[in-house]
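Undergrad: The residues making up each chain are set out below.
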Amino acid sequence: MNKRLWRIIIGAILFIVAIVIDVNIEWLNIALYLISYIIVGGDIVMKAVKNIFRGKVFDENFLMSIATIGAMLIGEYPEGIAVMLFYQVGELFQSYAVDKSRRSIAEAMDIRPDYANVKKNDEVIKVDPDEVQIGDIIVIKPGERVPLDGKVIEGNSTVDTSALTGESVPREVEVGHEILSGCININGVITAEVTKEYGESTVSKILDLVENASSKKSQSEQFITKFARYYTPIVVIIAVFLATIPPLVIDGATFSDWIYRALTFLVVSCPCALVVSIPLSFFGGIGGASRKGILVKGSNYLEALAEAEIIVFDKTGTLTKGVFNVQEIHPEGITKEELLELTSYAESYSNHPISNSLKQAYGKEIDNGRISDVEEISGHGVIAAVDGKKVAAGNIKLMKKLNIPCYEGEAVGTVVHVGIDDKYAGYIVIADEVKEDSARAIKELKEAKIKQTVMLTGDTKNVASKVAKQLGLDKVYSELLPGDKVEKVEELLAQKSAKGKLAFVGDGINDAPVLARADIGIAMGGLGSDAAIEAADVVIMTDEPSKIATAIKVSKKTLRIARQNTVFSIGIKIIVLILSAFGIATMWAAIFADVGVTIIAVLNAFRALNVKNL
Amino acid sequence: MKKKFILEGLDCADCAAKIEHAVNKLDGVKEATVNFMTQKLVIEGEDEKMPTIMQEAEKIVKKIEPGTVMKKA
Chain F
1 MNKRLWRIII GAILFIVAIV IDVNIEWLNI ALYLISYIIV GGDIVMKAVK
51 NIFRGKVFDE NFLMSIATIG AMLIGEYPEG IAVMLFYQVG ELFQSYAVDK
101 SRRSIAEAMD IRPDYANVKK NDEVIKVDPD EVQIGDIIVI KPGERVPLDG
151 KVIEGNSTVD TSALTGESVP REVEVGHEIL SGCININGVI TAEVTKEYGE
201 STVSKILDLV ENASSKKSQS EQFITKFARY YTPIVVIIAV FLATIPPLVI
251 DGATFSDWIY RALTFLVVSC PCALVVSIPL SFFGGIGGAS RKGILVKGSN
301 YLEALAEAEI IVFDKTGTLT KGVFNVQEIH PEGITKEELL ELTSYAESYS
351 NHPISNSLKQ AYGKEIDNGR ISDVEEISGH GVIAAVDGKK VAAGNIKLMK
401 KLNIPCYEGE AVGTVVHVGI DDKYAGYIVI ADEVKEDSAR AIKELKEAKI
451 KQTVMLTGDT KNVASKVAKQ LGLDKVYSEL LPGDKVEKVE ELLAQKSAKG
501 KLAFVGDGIN DAPVLARADI GIAMGGLGSD AAIEAADVVI MTDEPSKIAT
551 AIKVSKKTLR IARQNTVFSI GIKIIVLILS AFGIATMWAA IFADVGVTII
601 AVLNAFRALN VKNL
Chain R
1 MKKKFILEGL DCADCAAKIE HAVNKLDGVK EATVNFMTQK LVIEGEDEKM
51 PTIMQEAEKI VKKIEPGTVM KKA
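From first to last, the protein sequence lines are chains F and R. First residue of the first sequence: 1, per UniProt numbering; consecutive thereafter. First residue of the second sequence: 1, per UniProt numbering; consecutive thereafter.
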């Protein structure tokens, strides 16, 4: 690379000297031009000759050699050398840009841990993460990368998950928490028990996904490579006609004039500039998305996202947290606090998710001394003596059994009715909580011109329609069995326009068939779920549904850039071709159409990597 | 059977497309993709023809982009 740069610089200086001094001795001038040509473009000519012997004629080395040598033969030395010079600058710039882009993404994905500190018999030794086994105890010091997935058994700390999730707020970890490989430990020393081998750990899964991504090509890329396949030969054939026919047919037309026009054609005929900017844009877009914690498995999926018309969400775990919480407390005759306290006590012996969420909402330590005579009635609820009062907590059936009249209206979620000393004391509603950014996600999707947002759920109609209303979804299908979801998605697929795409968003658990059936399968909360990473086309590493809108924005931006590059580079080339056929454009314009366009397109492609202001 | 290779030194996007096009035409190849940005060549082909496919693919790579080395990934 450096050698090439020096050659260009030295050649350029000689070239300028040759132009500036412009001595009257012709042979000296020509000698100077020739020397600078050899320094600048000697390797291209050599490659062209070698390739001809290999049976490969129409490559760009050959085209450039013919164009420049031809120009010098008809006496246009400065132009011949300038074309070669700028061509080399363009090539250098292009390979620098591609290299930089490859590297910047490798860096963004540089989450591979180098070693693991394994603790054995009170001794800590550094080993390759590959050699660590499940059950081994590892120590992670501040500043170190978590090498394998595990469970914290000692110490607490905050970890930086940004490399995995794009989330800049560090996460707190303490004993009992899971830690994921690839995160960076920020402050405390933590000791963890390894739960997954390196090959199965999060970091390996993500690296594997990223490294194998984007082998599927976008339509824009397929178009441009196909275009290039025909473009070069056609331009070269036209050039041959231009050089030979008009001077023979048209009166007064000279060979040198028409050959010059033909050579200009050859300069514009190189396809590489055209071709490189498209994969570069998509690569940038995929890289930019991964910085936001969105992994896209191929250019084709990034492209499809921009065409999404219908987004179908699974409810539990996608739009809602999938964790049950106390949502409403409706006391009768006592205070809210009392009702919650007594109910939590009565339910405290049970291990049911509902009793856990009650205990969590109550938030204080349960004093077992205050409870006695606990009686669980299966399918009904529980009756217990709390502080000497008879507390009955359960569903309507329990209230009816005890002859306690209770609220029988509709509620969203699971209702726990409470009777105290055979008198109704009110009810508590427990439900899955909507994620903080779900409403924003739907709003942003609408702003991104998504035609329909749909929610599928196995939950009851009441719960489903309340959530749908709260979030502003267009349609909701409730009380579905897992198999019904595929059917509904197929129905929706039939409704979309021919070009539009349907995306299904799920948490990756139990919805692999639906993920596969949709045009774009998006899995949420990819961290820790292998099934999701495998089944989906797009994996969102965090739990935020609003990332879907982000992904669509990245996709639209990338596509816009790719389209600009296609139209701009093909357009300029065709304009210059037409102008030079009529003898209006000079070889300088042709150099711009080749090298200038490449540089502009590559710089434009780089914008796809920037996802800060979408 | 699916085989992955790294095309070290792959520097030209149009050449990548040409390599992909040529490898796809080889006998026994179901699908071949060249990813210019990640410098990867993935060939899916019939098991028994794989050794010949690999040899031919290497020749194609050498012919289209002489500076490139085809390595097993």
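Think of the hints as simulated: they come from the structure by calculation, not from any bench. Mixed in with the good hints there might be a few duds.
[As the list claims (entries may be wrong)] Heads up, simulated BS3-like pairs for lysine-lysine below, C-alpha to C-alpha not over 25 Å straight-line:
| no. | chain 1 | residue 1 | chain 2 | residue 2 |
| --- | --- | --- | --- | --- |
| 1 | R | K72 | F | K3 |
| 2 | F | K100 | R | K49 |
| 3 | R | K2 | F | K47 |
| 4 | F | K553 | F | K451 |
| 5 | F | K397 | F | K451 |
| 6 | R | K2 | F | K100 |
[Claimed, not checked] Partial selection, computed: residues in chain F whose CB lies under 7 Å from chain R:
| no. | residue |
| --- | --- |
| 7 | K56 |
| 8 | A97 |
| 9 | Q222 |
| 10 | T225 |
| 11 | C272 |
| 12 | V275 |
| 13 | K443 |
For clarity, every value in this text was computed on a predicted model and none was experimentally measured. Think of the CB as a built atom: it goes at the ideal place given N, C-alpha and C, for glycine as much as any other residue.
Undergrad: Run every hint past the structure and note whether it holds.
TA: These are the hints, each one checked on the structure:
no., hint, result
1, K72/R to K3/F, "29 Å, violated"
2, K100/F to K49/R, "38 Å, violated"
3, K2/R to K47/F, "33 Å, violated"
4, K553/F to K451/F, "15 Å, holds"
5, K397/F to K451/F, "44 Å, violated"
6, K2/R to K100/F, "29 Å, violated"
7, K56, "6 Å, holds"
8, A97, "11 Å, violated"
9, Q222, "9 Å, violated"
10, T225, "4 Å, holds"
11, C272, "5 Å, holds"
12, V275, "4 Å, holds"
13, K443, "34 Å, violated"
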